[in-house]
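**Q** Assemble chain B onto chain A, guided by the hints.
2 protein chains.
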Amino acid sequence: VLLAAAFSSADFAVGATEQERSQMYGMIAKMTAVAERRNELIALLGAGTRNMPGCLSYIISRDLHEENTIWVTEAWDSKVSHDASFSIPAIQTLIVKTKPLVADFSKVTEIEPVLGI
Amino acid sequence: VLLAAAFSSADFAVGATEQERSQMYGMIAKMTAVAERRNELIALLGAGTRNMPGCLSYIISRDLHEENTIWVTEAWDSKVSHDASFSIPAIQTLIVKTKPLVADFSKVTEIEPVLGI
Numbered sequence: 347v348l349l350a351a352a353f354s355s356a357d358f359a360v361g362a363t364e365q366e367r368s369q370m371y372g373m374i375a376k377m378t379a380v381a382e383r384r385n386e387l388i389a390l391l392g393a394g395t396r397n398m399p400g401c402l403s404y405i406i407s408r409d410l411h412e413e414n415t416i417w418v419t420e421a422w423d424s425k426v427s428h429d430a431s432f433s434i435p436a437i438q439t440l441i442v443k444t445k446p447l448v449a450d451f452s453k454v455t456e457i458e459p460v461l462g463i
Numbered sequence: 347v348l349l350a351a352a353f354s355s356a357d358f359a360v361g362a363t364e365q366e367r368s369q370m371y372g373m374i375a376k377m378t379a380v381a382e383r384r385n386e387l388i389a390l391l392g393a394g395t396r397n398m399p400g401c402l403s404y405i406i407s408r409d410l411h412e413e414n415t416i417w418v419t420e421a422w423d424s425k426v427s428h429d430a431s432f433s434i435p436a437i438q439t440l441i442v443k444t445k446p447l448v449a450d451f452s453k454v455t456e457i458e459p460v461l462g463i
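Top to bottom, those sequences are chains A and B.
Residue numbers 347 to 463, in my numbering, belong to the letters of the first sequence in order.
Residue numbers 347 to 463, in my numbering, belong to the letters of the second sequence in order.
This is chain A alone, in the form it adopts within the complex:
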């Protein structure tokens, strides 16, 4: 719902300059869970990331080919909102709780979500 609204306003602002329109921000991240703890990690991430101001979409997926791999795809109304999320006490707690379950984390790339459903 939030994402659809954000894309609608982006469509509306197609004629605006880069500076006039606000730039969305996103990330594609790959996480490798400690063996046999992938579902536990997904459950923690899912419960812990529901109320982040400015977060338009946060989708957690299992890799279909690598048994310990999780993908997180995020869309935010701005990079400022994304960066601010790390100051939320609940998110700091989440990071501490998930740490023993994460064998590897790689930020695959930073993106600007542009269009979508």
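Accuracy of the hints is not assured; some may be wrong.
Since copy identity is lost for identical chains, a pair holds within one copy or between any two.
As the list claims (entries may be wrong) - Within a straight-line C-alpha distance of at most 30 Å, the following computed DSBU-like cross-link-like pairs (lysine-lysine) qualify:
#: 1; residue 1: Lys453; residue 2: Lys443
#: 2; residue 1: Lys376; residue 2: Lys425
#: 3; residue 1: Lys425; residue 2: Lys443
#: 4; residue 1: Lys445; residue 2: Lys425
#: 5; residue 1: Lys425; residue 2: Lys453
#: 6; residue 1: Lys376; residue 2: Lys445
#: 7; residue 1: Lys376; residue 2: Lys453
Hints listed in this document are in silico derivations from the structure and should not be mistaken for laboratory results.
Source: prediction; values computed, not measured.
**A** Quick look at chain B alone, frame taken from chain A:
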């Protein structure tokens, strides 16, 4: 909206076996546009992919670090719906129209979206 509903029903089915609950399907794809035609490619993809049965989310993003790169993140109610989309005449037309704008396409991975907002 569609994605939220799908995740709600997935939550509801947590106690169900793998076979009882329907498995969502998704993909993360990286496309390299022909030089200086990235925005044109994004516009074509955005307009052409709005009405695909079973598609819960289809987000098109610019890579913030590689000037010709686009990321497409997709969530579907099933792999069957995804595969069937290639039989839709409008999608076949879209593939033909976008072909001259695409220098490279790589399916980064196939995923099962599990939880999200």
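**Q** It remains to establish, for every hint, whether it holds in the given structure.
**A** Against the structure, the hints come out as follows:
When the C-alpha separation of Lys453 and Lys443 is checked against a cutoff of 30 Å, the pair qualifies only within one copy, where the shortest distance is 19 Å, while the shortest distance between copies is 32 Å. When the C-alpha separation of Lys376 and Lys425 is checked against a cutoff of 30 Å, the pair qualifies both within a copy, at 19 Å, and between copies, at 22 Å. For the identical chains of this complex, Lys425 and Lys443 are intra-copy neighbours only, at 24 Å inside a copy versus 33 Å across copies, given an alpha-carbon limit of 30 Å. In this assembly of identical chains, Lys445 and Lys425 lie within 30 Å of each other by CA distance solely inside one copy; the values are 24 Å within and 32 Å between copies.
Taking the shortest Cα distances, Lys425 and Lys453 sit within 30 Å of each other both inside one copy (15 Å) and across copies (26 Å). Taking the shortest Cα distances, Lys376 and Lys445 sit within 30 Å of each other both inside one copy (14 Å) and across copies (29 Å). When the C-alpha separation of Lys376 and Lys453 is checked against a cutoff of 30 Å, the pair qualifies both within a copy, at 6 Å, and between copies, at 15 Å.
Every hint from the earlier list agrees with this structure, and none is contradicted.
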